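Given the structure of chain A, go ahead and fit chain B onto it with the hints provided.
Residues per chain, in single letters:
Number of protein chains: 2
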Amino acid sequence: MRIAVDAMGGDFGASPLVEGALWALKEKDFSLVLIGDEKILAPLIPAQVSKEVKIVHCDDFIAMDDSATAALKRKESSIYVAMEMLKSKQVDAVVSAGHSGATMSLATLKIGRLKGINRPAICTLMPRIDGNKSLVIDAGANVDCKPENLFEFGVMGHEYAKWILKYPNARIGLLTNGEEECKGNETSKAAFELLKTHPNFLGNIEGNNIFDSSVEVVVCDGFVGNVVLKTSEGVADSIVYLLKKYIKASPISLFGALFLKGVFKKLKKQIDYAEYGGAPLLGIDGNVIICHGKSNAKAMKNAIFQAIATIENGINDKILESLEKYKN
Amino acid sequence: MRIAVDAMGGDFGASPLVEGALWALKEKDFSLVLIGDEKILAPLIPAQVSKEVKIVHCDDFIAMDDSATAALKRKESSIYVAMEMLKSKQVDAVVSAGHSGATMSLATLKIGRLKGINRPAICTLMPRIDGNKSLVIDAGANVDCKPENLFEFGVMGHEYAKWILKYPNARIGLLTNGEEECKGNETSKAAFELLKTHPNFLGNIEGNNIFDSSVEVVVCDGFVGNVVLKTSEGVADSIVYLLKKYIKASPISLFGALFLKGVFKKLKKQIDYAEYGGAPLLGIDGNVIICHGKSNAKAMKNAIFQAIATIENGINDKILESLEKYKN
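Line by line, the protein sequences give chains A and B. Each number in my numbering comes from the position in the first sequence (counting from 1) with 6 added on. Each number in my numbering comes from the position in the second sequence (counting from 1) with 6 added on.
These are calculated hints, taken from the structure and not from any lab test. These numbers were taken from a predicted model, which means no experiment stands behind them. It is possible that some hints are incorrect.
The list treats identical chains as one, so a pair stands whether inside a single copy or across any two.
Pairs of lysine to aspartate or glutamate residues, derived as EDC-like cross-links and limited to a Cα-Cα distance of at most 20 Å, are as follows [as the list claims (entries may be wrong)]:
id, residue 1, residue 2
1, Lys-251, Asp-136
2, Lys-271, Glu-281
3, Lys-304, Asp-323
4, Lys-300, Asp-218
Excised from the complex, chain A in its bound form (with noise of 0.2 Å):
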């Protein structure tokens, strides 16, 4: 199994993501490939594993603030060439933590789509304060969002949940401003209607009903996953800082903070995304997975890990069948 990482573009340099893959070469079996600037790649990898991995140079890469169009004309960049192997069968998949909407694009227009799927999707996973996960899609990959698309994305959530998290009965929840039938804007109604053949569709939901363990699979156009996305980081992270400032305020706490140490332990792992490592994008003839632009070297061996459980699974065989089965 040759794995592929785009390992420029991401917020914190290519430090962390190398670092995350080397993590990876140490726990499982598979080739590694990193694909960037040779003089930046280089002097990251300890000589006793240089011989392990294979750097494949490239000058360029596509920072995030480019378009995602811009990225289909610059073949020289980290994600073109990491595609273009992906295409020609010289890896099996690729993990990239640089500008997902080029990766989407790339992946879309060199990989191609699967027979049915108009618009691939990005899947990304949250916690849920059972201990289990919640899948979120689309997380970004497709702004503006046709009913058609939203129903592609509950059929590929559901065959991900059902065969890489092992959830058999996954529930399909359509994120809305209200779990009524009534709610939702004219693309989610739409949408609603398309989705009731699924055996597995709950209706519509709310965003609390990401955590709460109503459902397992949660669609949304990739606007609002983004803003679920970022908003959930930012309230997590919000309670965080407070808790450590108020604990720090005062001797008395500061004390018993220690004792709560374990409990700040356990909850910094459920709430932490690095945990979950990046996310498939679904619909595509290919195997890639997307990662947060922020990506600690944890969350990319865990990308890594999550590349390997998708091409193991054969999952886009798996939406195949489901997308005849299900289709209005």
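Leaving out everything else, chain B in the frame of chain A:
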């Protein structure tokens, strides 16, 4: 100053709403008019204050699963009667914890819009890490928006933040899926161009910027706004739930938590939506405060205080002046 409280349609019935209204009456000088089923409301009012409270009886109310348009025909419903009283100047403001879409539709139809405003919007306060508040507009009134609507939301939100929250330089952010100017969906991109005329427009922001003190005013459509609110509540509730669960699971952490009671109390106060009361419906030619369906007594009390502040500050005149100034 006469304030009408629609005491029907809240998720927990009339009891907490009436209780909160009575609390407000103890602290501020105004006339309270409760609107709803007399058989339910009268027993909730202690004999010693019954002379200070006027009940206007209604047989009907709009339930959460009714459609907003149905409310326009149900003349015997509590919110319909409340709006009629506001229209005919029998009261100076309406506060409701019922169906927000119905309240919005009736306010727009009965009271009418401010000149230059196409879509009134709900404006909700969110806690920030610095102890101040940011204001999300629209928080649920308009699920399908045009760029012009988002521009109007920005102008209205800025004036509310400036005059009522006393942030003289309130910055406006447009909530999208990325900070860069190229990010956003079709509607938000066009709204970005319109908002450029406003000197306090900062540009695109992401979900986490709602809490990190980047901006005071967060502009989005009501679909996204509602998702943001419910997601934020979901994350905060989940963290509190998990903290409690993990603390209870070990005697050592239970002991430590005794020393952190002050910390938890401060944190709870800062993230508790009830501290902020309700949400003004801005853009109509009158004063209407919409409360969360799950409002408790404290939230209702604070919502009534907001109604009083909105009347006292003449916010609608400020909005009219600002619209004239920045209109494209």
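Hint check results:
no.	hint	result
1	Lys-251 with Asp-136	between (28 Å within a copy, 11 Å between copies)
2	Lys-271 with Glu-281	within (13 Å within a copy, 30 Å between copies)
3	Lys-304 with Asp-323	neither (29 Å within a copy, 54 Å between copies)
4	Lys-300 with Asp-218	between (26 Å within a copy, 17 Å between copies)
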